[in-house]
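Enquirer: Sequence:
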Amino acid sequence: MPVSSSPTTAYLLVIHGSRDPRPAAVAQQLAAQVSHQLSNPDFSVPLVDIACLELAPMPLHQQIVVFGDRALKAGYTTLAIVPLFLLPGVHVCQDIPEEVAIAQTMLDPCLTLQLWPYLGRIKGMVNLLAAQQVTIAQDTPTTPILLAHGSRRPGGNQPIEAIATQLDAIPAYWAVPPSLDTQMQTLAQQGTQHITVLPYFLFAGGITDAIAQKIGAMGDRYPHLTVVLGQPIGTFPDLIALLVSHLITPPHPTGSEVQAEK
Numbered sequence: 006m007p008v009s010s011s012p013t014t015a016y017l018l019v020i021h022g023s024r025d026p027r028p029a030a031v032a033q034q035l036a037a038q039v040s041h042q043l044s045n046p047d048f049s050v051p052l053v054d055i056a057c058l059e060l061a062p063m064p065l066h067q068q069i070v071v072f073g074d075r076a077l078k079a080g081y082t083t084l085a086i087v088p089l090f091l092l093p094g095v096h097v098c099q100d101i102p103e104e105v106a107i108a109q110t111m112l113d114p115c116l117t118l119q120l121w122p123y124l125g126r127i128k129g130m131v132n133l134l135a136a137q138q139v140t141i142a143q144d145t146p147t148t149p150i151l152l153a154h155g156s157r158r159p160g161g162n163q164p165i166e167a168i169a170t171q172l173d174a175i176p177a178y179w180a181v182p183p184s185l186d187t188q189m190q191t192l193a194q195q196g197t198q199h200i201t202v203l204p205y206f207l208f209a210g211g212i213t214d215a216i217a218q219k220i221g222a223m224g225d226r227y228p229h230l231t232v233v234l235g236q237p238i239g240t241f242p243d244l245i246a247l248l249v250s251h252l253i254t255p256p257h258p259t260g261s262e263v264q265a266e267k
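In this text, residue positions in the sequence shown follow my numbering: the first is 6, and each later residue adds one.
Everything labelled a hint here was simulated from the structure, so no lab data went into it.
Among the hints, a few may not be true.
To be verified - Okay, the calculated beta carbon distance ranges per label pair: (1) Gly196 <-> Thr83: 18 to 28 Å; (2) Arg75 <-> Gln143: 38 to 48 Å; (3) Asp173 <-> Val71: 13 to 23 Å; (4) Pro102 <-> Thr231: 35 to 45 Å; (5) Thr83 <-> Ala142: 37 to 47 Å; (6) Val233 <-> Ala37: 26 to 36 Å; (7) Gln218 <-> Val95: 21 to 31 Å; (8) Arg226 <-> Ala136: 25 to 35 Å; (9) Gly196 <-> Ala37: 41 to 51 Å.
Backbone N, C-alpha and C fix where the C-beta goes; we use that ideal spot for every residue, glycine too.
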């Protein structure tokens, strides 16, 4: 059932950007579903679109300006910028705020920009992962590994460690140690027979493809080991309701509100 949203707020969902077309395609589907869920009788179809931080034809601040002008012409007074990122890395803490700050100086002062907290900050994300874990494991005891991209930023991986603890899972990272290979080898040598890999990635892409290949190779090395790879979070049906709930909640104090200078 659609839920009420502010008829004066347009939403821009910001993704990382990729040469692989799959993330943008899924993000567009999310935007369409969010728009539908946010609709109400007085303002039937809220304006919702996506933008890319990297690998787009124009920089993010220009994408914000183009969308902001479109929103103003449609009668909106607020533009909510929502980072669809799972970790508080450099992109969330530095790059996106900088792009928003540039955009605000280029936009009509009648449009207020609001920077929403990043998606991974939502508490319900853990419940989504836990539900997938239960679905995969069913009646078979399995050891879960929570696999994230990983950050070299000091403290950048603490959220993953916290989520892994809540899931009673072992953390592993794609870009920094401990790697998925290391964690799976350790478990295999300890006699573990069933492993569930929960990818803490929003979209399928080159990295998730490479993860699947690594898991296949591990099965060849350890025939007694059964490894099941979960799906990226962006495919979870319950993500839409979680995202909509996130959008209708005021962003303060974790977000920020800025207005273009005159």
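Enquirer: Assuming the hint says 35 to 45 Å, is it satisfied by the Cβ distance from Pro102 to Thr231 or not?
Expert: For Thr231 against Pro102, whose Cβ atoms are near 44 Å apart, the range 35 to 45 Å holds.
Enquirer: Quick one: are Thr83 and Ala142 within 37 to 47 Å, going by C-beta?
Expert: holds, 43 Å
Enquirer: Are Arg75 and Gln143 spaced within 38 to 48 Å by their CB atoms?
Expert: Given a distance of about 47 Å, which is inside 38 to 48 Å, the answer is holds.
Enquirer: Starting from the hint 26 to 36 Å, judge whether the C-beta atoms of Val233 and Ala37 obey it.
Expert: At roughly 30 Å between Cβ atoms, Ala37 and Val233 fall inside 26 to 36 Å, so the hint holds.
Enquirer: Please test the hint of 25 to 35 Å on the beta carbon pair from Arg226 and Ala136.
Expert: holds, 30 Å
Enquirer: Is the distance from the Cβ of Gly196 to the Cβ of Thr83 consistent with 18 to 28 Å?
Expert: Cβ of Gly196 to Cβ of Thr83: about 56 Å, so the range 18 to 28 Å is violated.
Enquirer: Could one say that the CB atoms of Asp173 and Val71 fall in the range 13 to 23 Å?
Expert: violated, 45 Å
Enquirer: Given the range 41 to 51 Å, decide if the beta-carbon distance of Gly196 to Ala37 lies inside it.
Expert: holds, 47 Å
Enquirer: Regarding Gln218 and Val95, is the given constraint of 21 to 31 Å on their beta-carbon distance met?
Expert: holds, 28 Å
In the structure shown, a violation is registered for the earlier hints numbered 1 and 3, in ascending order.
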